[in-house]
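Two chains, each in its own frame: build the complex with the hints.
Chains A and B supply the protein sequences, listed in that same order.
Mapping to the UniProt record's numbering: the first sequence position 39 is 39, numbers consecutive.
Mapping to the UniProt record's numbering: the second sequence position 132 is 132, numbers consecutive.
No lab work stands behind these hints: they were computed from the structure.
Bear in mind that the values here come from a model prediction, so they are computed numbers and not experimental data.
Among the hints, a few may not be true.
[To be verified] Heads up, simulated DSSO-like pairs for lysine-lysine below, C-alpha to C-alpha not over 27 angstroms straight-line: (1) K57(A) - K73(A); (2) K42(B) - K105(A); (3) K143(B) - K57(A); (4) K55(A) - K73(A); (5) K105(A) - K73(A); (6) K14(B) - K91(B); (7) K143(B) - K42(B); (8) K91(B) - K143(B); (9) K91(B) - K207(B); (10) K169(B) - K185(B); (11) K91(B) - K8(B); (12) K73(A) - K62(A); (13) K42(B) - K8(B); (14) K105(A) - K190(A); (15) K105(A) - K207(B); (16) K14(B) - K42(B); (17) K105(A) - K14(B); (18) K207(B) - K169(B); (19) K143(B) - K55(A); (20) K185(B) - K105(A); (21) K143(B) - K62(A).
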Amino acid sequence: MDIDDILREVDPSFDSVPQETRDVQALTRAWVAERSAPELLPWPADGLFERVNDKIKNQIEKVEEMTGDMDPKTNFALIVIQTELERYRYLVRSYLRARIAKIDKHTLHYLSTDALRSRLSELELAYATRHQALLHNHYLSSFLASFPAGLQNLNDSSGNINMVDTPDLDTAVFVRLLRDTVVQGRGVHKDDEMEGTDGSILILRWSDAKGLCERGDAELV
Amino acid sequence: MYGDLGNKLVQHAKRTQNLAHLPPYQTELVRAVTREVRDLDKDVRSMLEPFQGSFDPNADPAVSCTLLVDHMAMRRNKRCLLAYHRTRTDKLEELVWNGTDIPDLAGQQRAPGAPNGDNGSSHLSPQEEDYMRQYSDLLAAYKGQWTDIDLTGSLEPPRDLFIDVRVLKDAGEIQTEYGAINLTKNSQFYVRQGDVERLIAQGYLQKLS
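Just chain B, same shape as in the assembly (with noise of 0.2 angstroms):
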């Protein structure tokens, strides 16, 4: 049936959106829808092309109507994979934002225990690896120019200046304007927010309440 395998992608990008991780990237699927659409578009033509760009809907409404579902179903297969790849890159861009980077992606999806046992490779098309570093070029652009403000930094009101905080992954040591303080695990330690976001960000420490 015409427009099955878009549904299909219509089905993992409505997955992928629940999903805290990018679940591997759908070549064969994509690759055959897009060959679905040339096929309908190589179709449709074969049908006019007796016609000689005169036809009659009302002469023949067989053809007509054959020609109404081909139109159809190629423009829902575009939309289907513009969908799938619009709420992909949505979750990229997610990451982005978040810090992540590609080397740091392809690192959690080789970590041991993962269900999938892929041989290491990430779960991105080599495309969108593509468009992942040039949004985050384009991103560390933007940043730059509110350099002042740390634009990627929480977006919890924030309420104290100071926050305690417990390591749970040895992160060495960091610089504060108070001097330097040794993270190792386990510690505890009363320091300014700001210094420690990113680390926060990163699973390294977690804030107490």
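This is chain A alone, in the form it adopts within the complex (with noise of 0.2 angstroms):
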């Protein structure tokens, strides 16, 4: 994937990347951003996964419809669809179990504000939901049903220390600047601002790349 292609996404009246060229970058852009982010990005909304889905669906059914030819030319033609298949199911796997990681590490977390809820898919939603009341029921019958009724809140704050756990916003990334821009980075001893321009690779801290990325200036990598 090339800035270009990102930029030439950016622009609305370029449209003769097709739609699945643009899925795939879509996806793969996803992906990466995923991974390397610390916390859990939103869902993507323009039913991205659906048009993924289909499309491997499809190049199942063509594979297997395939499989009974003996042609050596489909045979290769073959090889070529599963390979591609193989790759796209791995981003999509790789893609969703990232963000289970994530989803079951700060369950709570993402569980406790509808800003946060919202970045979970429906299935996300549901797996957390359920994933949390199982863990809670587990720690109840384990132990926490024989506790003092007082202390049997898996959410205590008192002392200062809140029990949930969130991810920590401030650990760095990689970011490519895809337009020349202002970077404010907020340091140990003082704060800094640089002029960044088109292209270039920066660290920064998350809580300051966040900005850049969700205004499309940059994006991780």
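The structure is reproduced here in structure tokens:
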């Protein structure tokens, strides 16, 4: 994937790239971003995964159709399609697993507010809710039930320590700038600001880079 | 000392993180820590009883100090218990993702030569077995929505469609798109990776690079 592709994609007047190609790009980008961001990113809302799923289904059917054919030419095409299919599957699988890992780690955090809940897909929401319920039940039956009532909560915040673990938003991420922009970073001793140019790669705190990524000024690498 | 038992649990949890298998559930220890919490709570209540809800910390620093220590110890114990159970459930979830189920687990531990000659009972507490069963169901339900992807498949990026494998244990006959293959020990095959992934994970086949 190329910067030009992305820039062209940001520009709405541009549509000569077929939908399929853009979907692959979107999927790849979502996958890269999800794997490097310390917190869960919003689930793509434009039906990307429905389309990807349909594509995969189509290809699987095609493979099944072609398998019967013993012609060497189809056989070669078959291998190409199967390889592509495997890679597609890998992208989706890895993406979903990265998200599940994050959700499992900070379930209560992602379930705590509506804004955070909206980042999960419906399936993930169902999974997270159920998983948390299972965990809570397990704790209850293992030891929590015999605790004094006041101590049975899982979200105490007494003594200034919140029991709900949150992801560390200050971890470093690498971003690539997609256009010239001013980059602000918070430092340990002092904050800094610099003129970023298109294409340069920076290392930033995620909390600083988040805004850039959301505005489309930068992407995670 | 308050908290000693909790500390032991945390040590167990820490050790569990680095182990390949799941050590036995510390039923006694968990029970003892829970008991400590209950005793502390009883102490606190009996201490506060004479004050009838009008306790003034400044008037009686000794009592308020005891209360504070008890209070902290209870919360600490709770966190220790949570941490211990969470570590174990994380392990269990990992097992579920890798396709192990409870009978498998019990079978492994019953294997001859296991260091602790327990009588075949699994190392899980009954609650943990329940949890694992329910989590398998949950995962199966989630996976069911993504049947075409095979969510529990390999997380290594695919390089080649076909790979060389050597058979380590007899696995019987498998069906592939190219016909049936009979997997007998020590034989070698050139097969589609997707077809044999599960068998590699289960240790029947070895991937040759």
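#### Entry: Those earlier numbered hints the structure runs against, lowest number first
2, 5, 7, 14, 15, 16 and 20
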